[in-house]
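Asker: If you're matching them up, the sequences are chains E and U in order. Numbered as in the working numbering, the first sequence ends at 183 without a single skipped number. Numbered as in the working numbering, the second sequence ends at 115 without a single skipped number.
Treat the hints with care, since some could be wrong.
To be verified - Cβ-Cβ distance ranges computed for the label pairs, FRET-style:
hint, chain 1, residue 1, chain 2, residue 2, range
1, E, Val151, U, Gly91, 43 to 49 Å
2, U, Glu103, E, Asp132, 37 to 43 Å
3, E, Phe82, U, Asp96, 22 to 28 Å
4, E, Asp132, U, Leu98, 51 to 57 Å
5, U, Arg97, E, Leu162, 30 to 36 Å
6, E, Ala122, U, Asp102, 39 to 45 Å
7, U, Glu89, E, Ala122, 44 to 50 Å
8, E, Thr91, U, Glu103, 32 to 38 Å
9, E, Ala111, U, Asp99, 25 to 31 Å
Just so you know, the hints here were simulated from the structure itself, not pulled from any lab data. Don't be surprised by glycine CBs; every beta carbon is placed ideally from N, CA and C.
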Amino acid sequence: MTGVETAFALLGLVAVGSGVLVVTSPQLVHAGLWLAVSLAALAGCYLLLTAEFVAWVQVLIYVGAVIVVVLFALMLTRAPTGPSAESSVARRAVAAAVATATAGVLLAVLQAGFAGEVVDLDAVEVGGATATGGALFRIWVLPFEVLSVLLLAALVGAITLSRRTTDHEESER
Amino acid sequence: MRLAFPLVVSALLFSLGVYGVLARRNAVLVLMAVELMLAAVGLNLVAFDAYWADALHGGQVLTLFVITIAAAEIGLGLAIVLLVFRERGTADLDRLDALDERAEVAAAPEAAP
Numbered sequence: 011m012t013g014v015e016t017a018f019a020l021l022g023l024v025a026v027g028s029g030v031l032v033v034t035s036p037q038l039v040h041a042g043l044w045l046a047v048s049l050a051a052l053a054g055c056y057l058l059l060t061a062e063f064v065a066w067v068q069v070l071i072y073v074g075a076v077i078v079v080v081l082f083a084l085m086l087t088r089a090p091t092g093p094s095a096e097s098s099v100a101r102r103a104v105a106a107a108v109a110t111a112t113a114g115v116l117l118a119v120l121q122a123g124f125a126g127e128v129v130d131l132d133a134v135e136v137g138g139a140t141a142t143g144g145a146l147f148r149i150w151v152l153p154f155e156v157l158s159v160l161l162l163a164a165l166v167g168a169i170t171l172s173r174r175t176t177d178h179e180e181s182e183r
Numbered sequence: 003m004r005l006a007f008p009l010v011v012s013a014l015l016f017s018l019g020v021y022g023v024l025a026r027r028n029a030v031l032v033l034m035a036v037e038l039m040l041a042a043v044g045l046n047l048v049a050f051d052a053y054w055a056d057a058l059h060g061g062q063v064l065t066l067f068v069i070t071i072a073a074a075e076i077g078l079g080l081a082i083v084l085l086v087f088r089e090r091g092t093a094d095l096d097r098l099d100a101l102d103e104r105a106e107v108a109a110a111p112e113a114a115p
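Bound-form chain E, shown alone (with noise of 0.2 Å):
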C-alpha cells in the first residue's frame, strides 16, 4: 500500500464511519455535524484524486453553506436537542437489509468491471482552477448556464413556499 492508498484509506474511513453515525445517531443535530465530518473527509479524498477545484468547493458549499442550512432547518422545526425516538426496529431491519443488498449489487458490479485497475495520479493533469475553469469555460459552458437557471429558479421557488401570507393578506385578495 502506497502513502496516497494509505491516506485515502484513512480517509474514506473518516468518511464512512461519519457517514454510519449521520444515520444512526439519536441526536439529530450531532447527525447533522457528523454529516460535515463526512462531507469534509470526502473533501479530502477529492484532493488526493487530484481534484483540487472541487475539493475546495466542497468544502465552501457543503460544509459552509449546506450544513448550516440544515441545521437551521432542525431547529425551526423545532428537532430535539437531546436524543430522539427511533424508527422501529422492525423498519430500521428492512432499512438495513435494502442498504446491505445496494452495497453488494454495487461492490460486485465495481468487483466485475473494474477490479485490480490503477490509477495512474502522475500521469493525471491536477484540476486546479486553471484546468478545471479552462474546461467548464470551454466545454461546459452550456450546462453551466443552464444550471445558473435552475438555480435561479429554486431560488425563486425556494423564496415563493416559505413567504409567510398573513389573513390580512388573503383576505385582500
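With the hints as your guide, set chain U onto chain E.
Answerer: Frame of chain E, contents of chain U only:
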C-alpha cells in the same frame, strides 16, 4: 492508487444514504441521507475522471454540477419541510399521512352518514 479504494468508499457511502432514507423518521435527516448519496456519486465521478485522465475534465465538472444541484435540492427541500412543519406542526414523516389511502378508508365511514 488502486481504483478499488474510491469505488468501495463511494459504494459504502451510497448504501449508508439508502439506509438513512429508509430508516429515518425526521424529514430533515432524510434529506441529509440524500446528501450522502449525492456525495458518493461525486466521489465516483472524480475517481473515474482521474482513472481515464480525462482531458475534458468531465468527471470533475459534473461533480461541480452535482454539488450545485444538491445545493438547489436541499434549499427547496428544506423550504418544503419548513412549510409542512408550519402547516402541520411536525416534520415526522410517519405522521404526515394525509394522502394515505388506508387512513382515508378508515375515516370514510364516520364522514358518510
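Asker: None of the hints should be skipped; say for each whether it holds.
Answerer: Structure-based check of each hint:
no., hint, in the structure
1, Val151/E x Gly91/U: 43 to 49 Å, "holds (46 Å)"
2, Glu103/U x Asp132/E: 37 to 43 Å, "violated (59 Å)"
3, Phe82/E x Asp96/U: 22 to 28 Å, "holds (23 Å)"
4, Asp132/E x Leu98/U: 51 to 57 Å, "holds (53 Å)"
5, Arg97/U x Leu162/E: 30 to 36 Å, "holds (34 Å)"
6, Ala122/E x Asp102/U: 39 to 45 Å, "holds (41 Å)"
7, Glu89/U x Ala122/E: 44 to 50 Å, "holds (48 Å)"
8, Thr91/E x Glu103/U: 32 to 38 Å, "holds (36 Å)"
9, Ala111/E x Asp99/U: 25 to 31 Å, "holds (27 Å)"
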